[in-house]
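Q: These protein sequence lines are chains A and B, in that order.
Sequential numbering of the first sequence, starting at 1, is according to UniProt numbering.
Sequential numbering of the second sequence, starting at 1, is according to UniProt numbering.
Wrong hints could be hidden among the right ones.
[As the list claims (entries may be wrong)] Partial list, derived from the structure: chain B residues whose beta carbon lies under 10 Å from chain A:
1. D55
2. I64
3. S179
4. R343
5. M344
[What the hints assert, rightly or not] To be clear about the criterion: a stretch of chain B counts as covered by chain A if any three or more of its residues have a C-beta under 8 Å from a C-beta of chain A, and this derived list gives those stretches:
6. 226-235
7. 241-248
FYI, nobody ran anything at the bench for these hints, they're computed from the structure.
Ideal placement from N, C-alpha and C gives every residue a C-beta, glycine not left out.
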Amino acid sequence: MSLLRQRKPTGTSNATESDPNIYQEDDKKNKAASKDKNPKKQKSWSCIDSCCWLIGWICVTWWFLLFLYNAIPTSFNQYVTEAITGPVPDPPGVKLKKEGLTVKHPVVFVPGIVTGGLELWEGHQCADGLFRKRLWGGTFGEVYKRPLCWVEHMSLDNETGLDPSGIRVRPVSGLVAADYFAPGYFVWAVLIANLANIGYEEKNMYMAAYDWRLSFQNTEVRDQTLSRIKSNIELMVATNGGKKAVIIPHSMGVLYFLHFMKWVEAPAPMGGGGGPDWCAKHIKAVMNIGGPFLGVPKAVAGLFSAEAKDVAVARAITPGFLDHDLFPHQTLQHLMRMTRTWDSTMSMIPKGGDTIWGGLDWSPEECHSPSRKRQIANDTQIANENGSEVVVSQIKHVNYGRVISFGKDVVDAPSSEIERIDFRDAFKGQSVANSTCSEVWTEYHEMGYGGIKAVAEFKAYTAGLIIDLLHFVAPKMMARGDAHFSYGIAENLDNPEYQHYKYWSNPLETTLPTAPDMEIYSLYGVGLPTERAYVYKLTSAECGIPFQIDTSADDEDSCLKDGVYSVDGDETVPVLSAGFMCAKGWRGKTRFNPSGIRTYIREYDHSPPANLLEGRGTLSGNHVDIMGNFALIEDIIRVAAGATGEDLGGNQVYSDIFKWSEKINLQL
Amino acid sequence: MSLIRRRKQNETSRPTRSDPSSIDKEDDNKKKIPAKDQNAEEIALKKLRKWSCIDSCCWLIGSICVTWWFLLFLYNAIPASFNQYVTEAITGPVPDPPGVKLKKEGLTVKHPVVFVPGIVTGGLELWEGHQCAEGLFRKRLWGGTFGEVYKRPLCWVEHMSLDNETGLDPSGIRVRPVSGLVAADYFAPGYFVWAVLIANLARIGYEEKTMSMAAYDWRISFQNTEVRDQTLSRIKSNIELMVATNGGNKAVIIPHSMGVLYFLHFMKWVEAPAPMGGGGGPDWCAKHIKTVMNIGGPFLGVPKAVGGLFSAEAKDIAVIRATAPGFLDNDIFRLQTLQHVMRMTRTWDSTMSMLPKGGDTIWGGLDWSPEEGYTPSKRKQRNNDTQIANEDESEVVASQRKHVNFGRIISFGKDIAEAPSSQIDMIDFRGAVKGNSVANNTCRDVWTEYHEMGYEGIKAVAEYKAYTAESILDLLHFVAPKLMARGSAHFSYGIADNLDDPKYRHYKYWSNPLETTLPNAPDMEIFSMYGVGIPTERAYVYKLTPSADCYIPFQIDTSADDDDTPLKDGVYAVDGDETVPVLSAGFMCAKGWRGKTRFNPSGIRTYLREYEHSPPANLLEGRGTQSGAHVDIMGNFQLIEDIIRVAAGARGEDLGGDQVHSDIFKMSEKINLQLAALELKDKIDLVEMAFCPPVHIRSCQICWHAWRHARFPTNVDGRIGGQMPDFMV
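With these hints in hand, go ahead and build the complete structure from the sequences.
A: Rendered as structure tokens:
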């Protein structure tokens, strides 16, 4: 430190000597100004001078701090944390290395929606100079610089769901595709680092990056991504002495991998032609993290009004852009137009209809606010709910089954009192204000007032009806969606129609592969309020999206807050969706799991980071932050190093998933 | 513009108002007090005109910052194509990049392409390291900004080195190649390698599913990349996948520099049976490869590698010197630094793949060399480059050229380099006693094998005086026994007598084109594409360094200079691409593999494509679009066009066959290499030859020549065949 201090004064004296340099380095205007002054005994401390002085000070201070920052050892952060909270436990990789675990099975990561990077390979004029630069992921610099150009390039063709002409945006490949979403915002990086501690490297870790905007089958049609994954898994199994792979899908990657497992065993023209025992030969375990097996209600709101709290993470990462004061609705509409061209979002619409998600008057879940269990509540929101929970021991009945209701009164009313006017045949009126809003076209404008009103008058929509609703408000999108996804429950799985690829990502309409030695895990966070149902209202906006979440709807007793009913989950995926298949649908030998693949549920109770230095925490249960959860990482490493589900201790459950699953009446 | 200026003034006036408060907030405590004082002074005592030294300093920095920001803003505000406008204004309209041009012609994606990067251009990243490398997990140690070279040089050297015994990872360190196109698109920010080619291919529709980078760890020997990382298996699987997903269109392989040798190795490996090879079967290459387009391939090695291994001094084989001059030429530790670098590079087995191959038959003996008479830049040359211009002038004067002994790759002293061989007193060094360690205790920190050699050994080396390509190997065995012990397990530098000999199934021969046959793939094509017109290192004049205590005892004698011969700064230069001499890059395709030879039994067609170097017209062009330099050629429009045409389906004939500027065919003629496959009778004759009295090398050479002319009066295709069998030498 003393050295540093000494250095600084010498620096300043140097600068004084080189004072005349000013003239050389200044631009002309400044030069003129200072020339005026210097000879004239520097009469007044002019405004430009003081400004320069100020900026100089700031710069010097900044550099000094930067220097100090660079001079402190990288582990400084850790020291401070340790000083505050006591010794930090070893990261799981280090800990397990001490236990003697080493590389055994190759691992494959399957990233989810929005976390994978996308880069530009061919673009229009406006995207000049962005060749092979990331449009999605990274710094998102282009979102700010040329938002309309960005939206244009990120959108897909509205008819085909593939590239618009002249634009090629492709997924980034390799581990860098999804290790960090944005600088400093890890997704897979922590897991990768911990696996590397026990000896993993790129030859036995593989990121199955795919274009998450496309429907699953289209990733194969356009990019041959599924073939690529197949070939890579085969290669890794072959070069690792025949040890089968451990697959780790996250979020939508879970559905993508379900699709893959059916694709790879299906015969060649539609499938990968790997033969009926491909999975048995190549896969040891599938460790699904936060898997929306049965969809997420959030996806409905996202598609219906572009309003889900964060399914389009875009809102979170670019609040300035989206909440821009001048054009809030136009922005939302642009966004909506863009996301509606992404077929993959439709893979997450709730599946299984009323049987799974509940009807007008019942639902498998109850509202005990998500944070009922022991909870180290630093978070005020959770604390509130915690407090209220003690009072309300006789829980109010909540109609979660009504995924969308219009008006709060409709939500609480018993079904017999709701007057519903069927919207399906309603006449779609003339385009609303087509001329003024032509630029930001969404399908609502084709619906007209009549259609919009009809939608609102139906009042309450259950999971089954949501599909019809979306068909009504977004016919083009759903036409594409129907070709690629299905949301029902199979009556008879042997029916040859289920050989079509559109059923492959719906666990209720496919069977698991014949691989009795395989294991399926469902790993997810619990203890966070998660969107489950919405209260909507009509807006009178001219050019706006005509529906909005009614944020005034609030209820302390039930789990209603800002127009959103929440249940237990990981903030994105409700427990029901993440856990049901492993808890009941696939448990033992069922018709969905004919070979009796063993399933395990591993829940991780959320607890927020103790202080800011911990970043996103090592005990988080949040949908994305869980990727840094030490307990989860430890489980994964153990399995990768050879453990089975039994070795981990079987199920680990905090929520009521088993109880709720019981309530669901599904033929098994 | 006016808008911008106005904004600036606004900005400048605003901070003045918030002057006192913002300073206080943003300063740290220490400076807060003086700052406050000064501010108070300013406000209260406005008449006190004390423009103190700190103030002026701040003022200076402030105005610099403002100017800087202003310029930065302008820079960001100008359109990206501004550069191009300026260039066009100066030099006239720039031609379309080849990708755009060929897209207009209607070319589209057909064959998948695979890039095989060369030495040093591939990125390496850290996966496991020692304490000192904390925080560098998955950061690039090689490639990128090289920030760590400056920050912690010793740590960096430690992590970049391999184990001196095994040539694999040292314990506790795992440095691995970066994968994907990013591995070698740019070597350092702004310094493209493959990026231009990739961008142009993308124009006609290529993307990652049809392009792949066969990145490998270029430090370890070729077979070890498979042993440690399974890289060869990975490449095989990738090519198979790309061929399968592209409707069975075979792949176009584009290796560069050492990647050429790596891919030769791969082609043998993939067809070899399973335990040692990839088990792809004898027709794998025929089924999967359309064309191999070698760029600047050092097929027969590069003399530069000798300089690099012998004294860590080659002009740039270790690009380190170029990228980190400040570090290497640090005044205090200059030679120690070189030694560190040498110790590091000597652990890299791959460098040995580039030692000159084929011995005296290819590279010339004491008194002859294939290149003599064909010195660089004899041809028409649009030279802006002063160096080339000089030589051009001198060339006119010296029409009766001095005889240059390129064959003596290393000579000690300029006089030796020029003397006729009969006058050189060569004292054999091979049996010399290696003395005690030189100054072992003082220099133990930077240990190199020279210290084990002792004074006697060093002296013995110098007294042998002149080394040809063959004795170079013995020399290296003498001065770096450990290195060469590892090397000879992985590489070989000879010429095969009989390619059917089962010993040639060993992997150490796979990267030497003179000891392997090409795969059986009559439809395949092999291109050799390289730049010409740049002086390229070919032979060195060395000197002993005086009183070498801790130093490397040999140094290139930079005082050796000769206007008449292409000797400059102790280095003899020939035509080439600045790294690889024409002979090495072109010989195999010009002669060794041309037609059906014993090295090319299925008659794979070969094409030579030479690209005349012409330096960039102005600075704005960057590294030029017509460069022939070893790496810059990757941005040569003509070369890119050739590649794109082939990738889109063209064959060698469609491109116009050979395109030759240099004297490669004449040089090749001078090389006496047997190309016709041996008949059984000839084999018996060769055995008889064993009884030819092996008195002295040269006399036996005469004996052999006489014998050859008697035995092979007529040769296949009129070519001069024949080769010295190993046992005679």
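Q: Flag every earlier hint the structure violates by its number, smallest first.
A: Result: hints 4 and 5 break, sorted rising.
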